[in-house]
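Student: Given next are the chains, with one letter for each unit.
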Amino acid sequence: MSDNNFKVKVGLAEMLKGGVIMDVTNVEQAKIAEESGAASVMALERIPADIRADGGVSRMSNPHMIKEIQDAVSIPVMAKCRIGHFAEAQVLQALEVDFIDESEVLTPADEDHHIYKHPFKAPFVCGARNLGEALRRIHEGAAMIRTKGEAGSGNIVEAVRHMKMIVSEIEEIKNSNEKTLKEKSEEMRVPIELVQYVSDNGKIPVPNFAAGGIATPADASLMMQLGAESVFVGSGIFKSEDPKERAYAIVQAVTNFDNPKEILTASYKLKDAMKGLEISEIPEEQLLQKRGD
Amino acid sequence: MIGVLALQGNFSSHVKVLGLLGHNSKLVKSPKDLDDIDGLVIPGGESTTMTKLINRDEKFFESIQSFSKNQPILGTCAGLILMSKDSFDSKVINLGIIDIESTRNAYGRQVHSFDAELSLEHGSKNDSFKASFIRAPKISKVGKNVEVICIHDDFPVAIKDGMHIATTFHPELKNETIIHKLCFGDK
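Heads up: the sequence lines are chains F and B, in that order.
In this text, residue positions in the first sequence follow my numbering: the first is 189, and each later residue adds one.
In this text, residue positions in the second sequence follow my numbering: the first is 292, and each later residue adds one.
I should point out that these hints are in silico values taken from the structure, not numbers from a laboratory.
A virtual CB, placed ideally from N, CA and C, is assigned to each residue, including glycine.
Treat each hint with caution, since some may be false.
[Stated by the list, open to error] Derived pair list, reagent style EDC-like, types lysine to aspartate or glutamate, alpha-carbon separation capped at 20 Å:
no., chain 1, residue 1, chain 2, residue 2
1, B, Lys382, F, Glu216
2, F, Lys219, B, Asp380
3, F, Lys195, B, Glu408
4, B, Lys350, F, Glu450
5, F, Lys195, B, Asp406
6, B, Lys320, B, Asp348
[As the list claims (entries may be wrong)] Covered by chain F, per the in silico footprint, the following chain B stretches (three or more residues, Cβ under 8 Å):
no., segment
7, 301-312
8, 322-332
9, 335-341
10, 354-365
[To be verified] A short list of chain F residues far from chain B (calculated; beta carbon distances all over 12 Å):
no., residue
11, Ala201
12, Glu222
13, Arg240
14, Gly244
15, Ile263
16, Glu284
17, Tyr304
18, Ser356
19, Glu360
20, Ser364
21, Thr443
22, Asn444
23, Lys457
Let's have the full structure, built from the sequences with the hints guiding it.
Tutor: Next comes the structure, spelled out in structure tokens:
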């Protein structure tokens with residue numbers, strides 16, 4: 189199916205560059221995020237750290253709660269649906285959510301297939317751990333890619349791994365010959381045109397953001413320096429001791445990511461960040477990043 | 292050398308379009324970055340976020356205003372809102388560089404964003420181009436010395452006020468050079 193709106197969908201992702209997208213669970217948090225300079229908010233009932241702690245099935249948030257947040261702020265509002273749950277996505281589109289995150293943070297609804305995203309008017313963002321995963325999501329219609337990282341961990345190590353993997357795989361196929369590109373396209377299970385685009389342009393065809401474990405201004409700076417074009421901060425803000433100050437500090441850190449003095453100033457007066465988890469202490473079956481491929 | 296305000300938004304696309312016209316460009320993040328440039332682009336992005344980051348440095352607001360006295364500024368989407376005289380929203384600042392009033396997100400949320408074929412009011416018909424309206428604002432009032440240079444669905448969508456130009460749409464998303472050329476010329 190053709191997607192005449194694809195460029196318009198990617199257009200909003202382009203506008204969110206150099207910004208911070210913050211997870212919020214109520215109107216009060218949404219207002220704090222907006223006042224602190226968030227470029228967008230992700231409306232969800234529980235932040236990933238709590239989803240992890242609570243267990244059980246995690247689903248799309250209550251539309252009423254999302255609507256209250258939409259009414260409270262003027263910046264774009266995103267919301268999450270389960271991987272493969274196109275009916276949840278249809279509901280979010282009917283609610284006129286600005287971006288739909290088909291997210292591994294929620295319990296997957298389909299273990300084999302992601303949503304076919306092209307027919308939707310609302311743009312989608314999807315997580316990826318490597319270039320193949322990113323291109324498969326783009327082929328399905330994703331208008332923005334973010335690293336999966338390990339959501340709710342407060343630990344940046346997985347987001348770093350995923351961003352470095354994507355960037356190094358892009359480097360690897362840049363200016364490759366036709367035979368190599370064909371092999372790559374088969375290996376990644378995507379059309380040759382997508383691999384060709386990456387080879388010609390040295391980037392994926394949609395903005396590439398960082399997510400999963402960002403908790404401090406320096407974390408945000410690190411991800412931007414590694415090649416991210418924006419950052420999502422989930423549990424990192426409202427699980428800290430000083431959400432308002434931290435939110436603003438991370439906004440400043442993204443704008444001035446390559447200026448260590450600015451990162452210093454932004455970090456200076458902050459209290460404690462969220463506690464965070466050592467990845468090796470998370471049981472294998474509880475790793476959110478392993479959901480979807 | 293043209294500066295591109297790089298606090299938040301799609302400033303990189305503007306750098307690319309300026310390059311197509313032969314202009315060198317420079318990212319502007321603080322008032323001192325305005326010193327050695329001949330023009331400025333205020334890009335699309337979130338006007339609330341840019342407001343927060345402009346206000347961070349008390350000199351920034353006035354520096355951009357005084358820059359506009361002698362040098363051209365091009366604003367797209369959020370840039371148009373910031374350049375307006377008023378946009379009736381306490382969450383955004385208005386530089387008052389152009390004599391218009393604007394309304395944020397006037398077409399609705401992202402599902403109402405669209406592409407349109409546009410042409411310049413006094414240009415030849417061959418000059419039509421495609422542009423994207425992304426959660427776009429509307430120009431609600433135009434001052435008497437302001438020239439409307441582009442109309443879509445009976446609404447002004449691009450204006451010229453003295454040497455400054457502002458659009459509610461994004462010419463840069465499609466690598467369109469016509470608006471940038473009008474503001475800064477080419478080399």
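Student: Any hints from earlier that this structure breaks? Give me their numbers in increasing order, please.
Tutor: Numbers 8, 10, 11, 12, 15, 16, 21 and 22, in rising order.
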